[in-house]
Every structure is written in C-alpha cells, then in structure tokens.
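For reference, the chains in residue letters:
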Amino acid sequence: GAGVSQSPSNKVTEKGKDVELRCDPISGHTALYWYRQSLGQGLEFLIYFQGNSAPDKSGLPSDRFSAERTGGSVSTLTIQRTQQEDSAVYLCASSAQRKKSPYSSYNEQFFGPGTRLTVL
Amino acid sequence: TQLLEQSPQFLSIQEGENLTVYCNSSSVFSSLQWYRQEPGEGPVLLVTVVTGGEVKKLKRLTFQFGDARKDSSLHITAAQPGDTGLYLCAGASHQGGGADGLTFGKGTHLIIQP
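Chains as they are written, first to last, in the numbering used here: chain L, 62 to 181; chain G, 80 to 193.
Hint data in this document are derived by calculation from the structure and do not stem from the laboratory. For each residue, glycine too, the CB sits at the ideal point set by N, CA and C. Any given hint could turn out to be false.
Chain L stretches covered by chain G per the calculated footprint, using a threshold of three residues with CB under 8 Å from any CB of chain G [what the hints assert, rightly or not]:
(1) 94-103
(2) 135-146
Using 27 Å as the maximum straight-line C-alpha spacing, the simulated DSSO-like pairs for lysine-lysine come out as follows [stated by the list, open to error]:
(3) G/Lys-185 - L/Lys-118
(4) G/Lys-138 - L/Lys-76
(5) G/Lys-138 - L/Lys-160
(6) G/Lys-149 - G/Lys-185
(7) G/Lys-149 - G/Lys-136
(8) G/Lys-185 - L/Lys-72
(9) G/Lys-136 - L/Lys-160
(10) L/Lys-160 - G/Lys-149
(11) G/Lys-185 - G/Lys-135
(12) L/Lys-160 - G/Lys-135
(13) G/Lys-185 - G/Lys-136
(14) L/Lys-161 - G/Lys-136
(15) G/Lys-136 - L/Lys-76
(16) L/Lys-76 - L/Lys-118
(17) G/Lys-135 - G/Lys-149
(18) G/Lys-138 - G/Lys-149
(19) G/Lys-138 - G/Lys-185
(20) G/Lys-149 - L/Lys-78
(21) L/Lys-72 - L/Lys-118
(22) L/Lys-78 - L/Lys-118
Pulled out of the complex, with its shape left as it was, chain G reads as follows (with noise of 0.2 Å):
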C-alpha cells in the first residue's frame, strides 16, 4: 500500500508570509498532482508534476517533484487571504490512476489571516 505523508496538517499564518506543504513517501510515483478544496466543493486541480526534479510556478505558487519521484513541495510566497483551503496531495502510480486510483495525502488547512 502506497503512503503519502503530508505536513503541516494545519497552518495558519498571516497575510504577506511565506509557506511550505510537504508531501512525502518511501514509493515512487509515476506522477503528482496537487488539488486545493473549499468546504463544500470537490478538489480542484492545481498542477500535475511528472518528472523528477521538475519545478512548476502558478503566480505565487511552485510546486516541485522531487528527483527519486517520491516526495513534492508546494511553496507559497507572500501568501494572501485568498489563499485559504485545504491543499492535497495525490501520487499516481500507473501512467496516473490506473486500477489503483491516486493515493492522497490528508491534506493541509491553510489559514491566511488578513
């Protein structure tokens, strides 16, 4: 069975700050995507990393796979009110889903304070 450790499990911090979720396994993954949920909404996606040691950037977020493909970071600079939710983790391990569906991570509460 395929783990995906992410931390902080909450987060909360102020506005114009900067920030970290880890996402961490002792599996590989083909590839990672990253989702943010509202309450009462389902996971929408953030980006997908499929490469070891790939870094992405969506405005003031990047993402980064890590080179063994087991472990992914999302790093938040000058975070913003408009930031908040709960970010989740989610590893593929055939060609993304396959019969095993995505492993996710429990997710991180991310409370930005104005």
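Isolated chain L, as found in the complex (with noise of 0.2 Å):
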C-alpha cells in the first residue's frame, strides 16, 4: 500500500516569506506527527495530532510555527516569517497501533520522505 508522502520534496525560500509543507498519511493511521532533522541535531519532535482532537503544540520552536490537521487525515505544517535557523528536512510520520498484551499496545511510526527547506 500507499507510504506516508509529503510535498513538496524541496522548497527554497527567501528570510521572512511563509511556507507551506504538506502530509498524507498511510490510509487508516488515526496518529499523525510532525519532526525536523538538522544537520548534527537529530530529529527533533514538533507536534503530534490524533484524529480530530486538539494537537500538543509544546514541541514548537515558536509562534512562527503551527499545524492543522483537516478531516483527520491530511496535515500543513505552515512556517511564518521564514528564518535561516529553519533550513532543514521536515519529516511526517503516522502511525499504527499493535498489541503487545491484551492489555496494552504500542504504536509504530512511519515516515514519510520528507521536505527538505532551505531559506535563504
């Protein structure tokens, strides 16, 4: 089936324009999360939405950053007044739940091939 894909694959952008980033998530998946990857930084978690509820914004750099999540399914990531310092892949994963006992389950994250943003 159909992986995680985002658009675009590359965005170059100017200091102090906005951006848009795009995620389709793996049909089914109720659980969509958003990461950057910096050159030397690993991955760094950003926001998490599942389903329809209200997302966890903690993991935001700033208030130039925000996500929505339409219909439960597709999500932007919209970056305001681009900087330098937000050059990086922006990586989206969703997730499947499995069942390690009858009791509990864990969660499995797939990611997508990520959008690779320079600002200039």
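The task is to assemble the complex, starting from two chains supplied on their own in separate frames and drawing on the hints.
Laid out in structure tokens, this is it:
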C-alpha cells in the first residue's frame, strides 16, 4: 500500500516569507507527527495529532510555527516569516497501533520522505 | 526530558566485520524502535522492541532491549556494503509516541568498505 507522502520534496524560500508543507498519512492511521531534522541535531519532535483532537503544540520551536490537520487525514505545517535557522528537513510520520498484550498496545511510526527547506 | 545517547556516532569498517551500535538512557521506554535512513530519504523502520530482555533478529541484524527497558543494542554480523547508512534508535514513553512523540538518538553513521 501507499506510504506517507510529503510535498514539496524541496522548498527554497527567502527569509521572511511564509511556507506550507504538506503531509498525507497512511490510510487508516489516526496519529500523525511532525519532526524536524537538522544537520548534527538529530530528529526533533514538533507536534502530534491524534485523530481530530486538538494537537499538543509544546514541541513547536516558536509561535511562527503552526500545524493543522483537516478531516483527520492530511496535515499542513506552516512556518511564517521564515528565518535561516528554520532550514532543515521536515519529516512527517503516521502510526499504527500494535498489540503488546491483551491489555496494552504500542505504536509504530512510519515516516515520509521529508521536505528539505532552505531559507536564503 | 528524556534523552537517548547513541554510540558510536561514526563507524567505518571493512566488509565482513561485525559491529554493535548502542543506545542508552536513564529513562524507561515503553517501546524502542530502530530505523535506517539513506541520504535524501525518510527513516525506514527496521524493528520495534517492546519487552525488557527481548531479542529480535532480522537476517544479519540482531536487536536487543535491555531488561530495564532503558537501553538497546543493534548488532550486525558480517557487514555488507549495503548496510551503509544512518541508524537511529527512538524511544517511546507512552504507548509508542503519545503526546511527546519519539525521542531519537543522534544516530550512527555507518560505512561498510568493500
């Protein structure tokens, strides 16, 4: 089946412009995550959506970052007034729930190919 | 804040050698996932370990979860050039992600020389 897809794959923008990054999760996955991967920094968790519930925004690095998820499926990450330090690969993941025991479960996250954002 | 220390950060070895990558934390994780990432692509899930002491094998790759669920290791036997890539460990604190997302180690850049 189709995996997580992200668009665009590459985005070059000028400092101060707004950008929108899109994520299409795997069909049937209710949870969706955004991460940022910077050179030498590893993957940094940004935000998490569970279905249509209000997201936990505590991982967003500044108020210039926002994200929404429409209809419990597609998500858009928006960065306003981009800065050079926003340059990174933005990764989206969706998760499937697996049974750990009759009484507990765990999630496995599957990642998209990412959007490489370059702010000049 | 949960931290995952991954070591070594870089490893370059000859084809046919064995290697081990370590992932350590002072925090307990409910599950731990290993990913492999190629340049220009997203991380690809290799395995998830969920039970303390668990060992999983994937061909020449052996994954182990510590008894206390604070550490994990990845052992590769007879490494091949195709094993080259960035290996990432990631821990989940609540039911695999939850509101905190996964905590990632900084990764191990592995190069297998033919």
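Now the hints, each set against the structure:
no.	hint	in the structure
1	94-103	holds (count 5)
2	135-146	violated (count 0)
3	G/Lys-185 - L/Lys-118	holds, 23 Å
4	G/Lys-138 - L/Lys-76	violated, 47 Å
5	G/Lys-138 - L/Lys-160	holds, 24 Å
6	G/Lys-149 - G/Lys-185	holds, 16 Å
7	G/Lys-149 - G/Lys-136	holds, 19 Å
8	G/Lys-185 - L/Lys-72	holds, 24 Å
9	G/Lys-136 - L/Lys-160	holds, 19 Å
10	L/Lys-160 - G/Lys-149	holds, 21 Å
11	G/Lys-185 - G/Lys-135	holds, 22 Å
12	L/Lys-160 - G/Lys-135	holds, 17 Å
13	G/Lys-185 - G/Lys-136	holds, 23 Å
14	L/Lys-161 - G/Lys-136	holds, 18 Å
15	G/Lys-136 - L/Lys-76	violated, 47 Å
16	L/Lys-76 - L/Lys-118	holds, 24 Å
17	G/Lys-135 - G/Lys-149	holds, 17 Å
18	G/Lys-138 - G/Lys-149	holds, 25 Å
19	G/Lys-138 - G/Lys-185	holds, 25 Å
20	G/Lys-149 - L/Lys-78	violated, 42 Å
21	L/Lys-72 - L/Lys-118	holds, 23 Å
22	L/Lys-78 - L/Lys-118	holds, 22 Å
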